[in-house]
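Novice: Please build the complete structure, drawing on both the sequences and the hints.
Just so you know, the protein sequences line up as chains Z and E, in that order. Residue numbers for the first sequence follow the working numbering, beginning at 1 and rising by one. Residue numbers for the second sequence follow the working numbering, beginning at 1 and rising by one.
Derived by calculation from the structure, the hints in this document are not laboratory data. All of these numbers come straight from a predicted model, not from anything done at the bench. Careful: at least some of the hints might be erroneous.
[Unchecked claim] So the derived label-pair ranges between C-beta atoms look like this: (1) Z/Asp215 x E/Leu58: 50 to 58 Å; (2) Z/Gly245 x E/Ile71: 33 to 41 Å; (3) Z/Thr218 x E/Thr75: 56 to 64 Å; (4) E/Val88 x Z/Asp215: 49 to 57 Å; (5) Z/Arg88 x E/Asn228: 32 to 40 Å; (6) E/Ile71 x Z/Arg37: 50 to 58 Å.
[Claimed, not checked] Just so you have them, the derived chain E footprint on chain Z, three or more residues with Cβ under 8 Å: (7) 51-60; (8) 117-126; (9) 140-154; (10) 291-297.
Beta carbons are placed, not taken as given, at the ideal position from N, Cα and C, and that holds for glycine.
Here's the letter readout for the chains.
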Amino acid sequence: MARPGLTDERSRGTATMSRTELLADGGNERRRRRLRRWLTITLFLLPALVLFMLLVLAPIVIAGYASFFKWNGLGGPPTDYVGLDNFRTLLSDEVFHQDLWHAVVLVGLSLVVQLPLALGIALLLNQRFRGRAVFRVVFFAPYVLSEVIAGVLFTILFDPETGVKFAQGWLADPNTVLYALFIVLTWKYFGFHMIIYLAGRQNVPQELLDAAATDGATGWQQFRHVTLPLLGPTIRISVFLSIIGVIQLFDMVWVLTTGGPVHGSETLAVTMFNFGFKRFQVGYASAISMSMFVISLVFALIYQRFVMRRDVQGAITVMGNQG
Amino acid sequence: MSQVMRAAHAGRRPRPLRTMLVYLLVIVLGLTIVLPVIYGVLGGFKNTAQLSTNGLGLPHPWVVSNYSGIIKSGTFWRAVGSSTVIAVGTALIAVAVGACAAFVFARFAFRGREFLAMLFAIGLMFPPAVAILPLFVLLRTFDLLDNPLGVVLPQAAFFLPVTIIILRSFFRQIPREVEEAATMDGCSTFRFFWSILLPMARPALATVSVLAIVTSWNNFFLPLVVFNNSDWWTIPVALQQFKTEYSTDYARVLAYTVMAMVPALAFYAVAERQLIGGFTTGAVKG
Chain Z
1 MARPGLTDER SRGTATMSRT ELLADGGNER RRRRLRRWLT ITLFLLPALV
51 LFMLLVLAPI VIAGYASFFK WNGLGGPPTD YVGLDNFRTL LSDEVFHQDL
101 WHAVVLVGLS LVVQLPLALG IALLLNQRFR GRAVFRVVFF APYVLSEVIA
151 GVLFTILFDP ETGVKFAQGW LADPNTVLYA LFIVLTWKYF GFHMIIYLAG
201 RQNVPQELLD AAATDGATGW QQFRHVTLPL LGPTIRISVF LSIIGVIQLF
251 DMVWVLTTGG PVHGSETLAV TMFNFGFKRF QVGYASAISM SMFVISLVFA
301 LIYQRFVMRR DVQGAITVMG NQG
Chain E
1 MSQVMRAAHA GRRPRPLRTM LVYLLVIVLG LTIVLPVIYG VLGGFKNTAQ
51 LSTNGLGLPH PWVVSNYSGI IKSGTFWRAV GSSTVIAVGT ALIAVAVGAC
101 AAFVFARFAF RGREFLAMLF AIGLMFPPAV AILPLFVLLR TFDLLDNPLG
151 VVLPQAAFFL PVTIIILRSF FRQIPREVEE AATMDGCSTF RFFWSILLPM
201 ARPALATVSV LAIVTSWNNF FLPLVVFNNS DWWTIPVALQ QFKTEYSTDY
251 ARVLAYTVMA MVPALAFYAV AERQLIGGFT TGAVKG
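Specialist: Here's what the structure looks like:
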């Protein structure tokens, strides 16, 4: 349609120009083209940058600023500068210590129970048997339900009045509440990790396993020395996602227990919510936000530096085998 | 005869016992996934007295008023409507804005590109919960509380990193020759993007949109803070409120929970491939 017309016009234009004109025009043309290139880059990037800066980066900067003030969040910017007071209070706050401990426990349980379970199921589902597609769909299904749905369902299932006999009262006992929370988290999330592992497992070339089997490796040895190392990058990402998820855990806790009993299942995000949105101590709550931010940042940096570093190589191996 | 068949089977697959064990394991696990949901579905057909005396059995008699009450009430459908509008809005904005950025990151070499791309990638590591309080203050300043945009825009912004990473790697795979041929034919950059690249990237766009919709659909924290007024409550917020309101009538709450599952599971049934594909490309490629 318009395309051939455009080309014709341009070639006709150059054909009638003299040599010098052509050179001068070339310089102009190049400058114009460079300008147009920059204009394109700017126009295409600008919306994303504005949105991202304004709604992702700016809030973090604001939280950082507000954390140095005593502020109820109302009436313009904060004015009552208190230095590091909020952080001092935070560091000596029993609830904050508990929040951190709960995160450690949940991460530990995830690494020891949830992720190995997901890996095991992924390896099972990687075998050929009738109906495995159905199981895959079922295991992943809870992931598409919100934490609120899972939370409400299990609140009632664990309720002393209405719940199943053996689980009654798990949520009401500070000694068991974290484990109950972990069970619901596992119910919802292990399918997600399973799917990731399944994809990773499908990238392990069958020839390698066959070769190992020919050399007399047992099933366990094949897993330990072929499958597991090749799953490395996948496992490291799943661990990363799992830990970041625990650091910001809010919905499930809020629905199941609102952090109780007696702060027994409280997380950083829940404490932050209580101070920021219920008690209007926005400065202090910002300090909690900042602690979450610093924890995830430090964790991400350390993890990227020391754990995921080898994954460039791993990724190349995987891609080479795919191609 | 069955012995012969079993022997033949064992010849091909050495361990029938193992297959049995595999079945046993996945069935037990499948039941732990499904049983709570069945408990919910049946519980919705009970009244509260039945629920506490006969929590695990079949309803007797079957009570339909819990479900029918919710289906007839406007609040549930209003929540479905809000969730839909907000999810679609989030996906549209995140994908439109993200695709433009991903295009530039994938097809142009310029100073600062890697820095900017990294800036977005870092956003992937920030828990949205960190930003929620200042975001609330910001939205209040812009008068966006109790406004669907107050949820849509931040959700889209937080989803940009995922969009950009997935689309960038997809745009990169489209061979240079396609672009060269288009340019030779006098195709402008914008037209190449709009009429050639985007149609070619349809599967990736579908994946990203589905991920955005599910993320938005299940989001609780942001709509909880932004919507004070019940007009725009999304399903998770409405469900949590319903649970608080009917804390003495859990059978009714179970019915509401089950109703809330239906749209999500229906969407899963339709978009299962994009969902699972999306998570795995995202995770395996990093």
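Novice: Take the hints in turn and mark each one as holding or not.
Specialist: Taking the hints in turn, this is what the structure says about them:
| no. | hint | in the structure |
| --- | --- | --- |
| 1 | Z/Asp215 x E/Leu58: 50 to 58 Å | 56 Å, holds |
| 2 | Z/Gly245 x E/Ile71: 33 to 41 Å | 34 Å, holds |
| 3 | Z/Thr218 x E/Thr75: 56 to 64 Å | 59 Å, holds |
| 4 | E/Val88 x Z/Asp215: 49 to 57 Å | 55 Å, holds |
| 5 | Z/Arg88 x E/Asn228: 32 to 40 Å | 33 Å, holds |
| 6 | E/Ile71 x Z/Arg37: 50 to 58 Å | 57 Å, holds |
| 7 | 51-60 | holds (count 9) |
| 8 | 117-126 | holds (count 3) |
| 9 | 140-154 | holds (count 12) |
| 10 | 291-297 | holds (count 4) |
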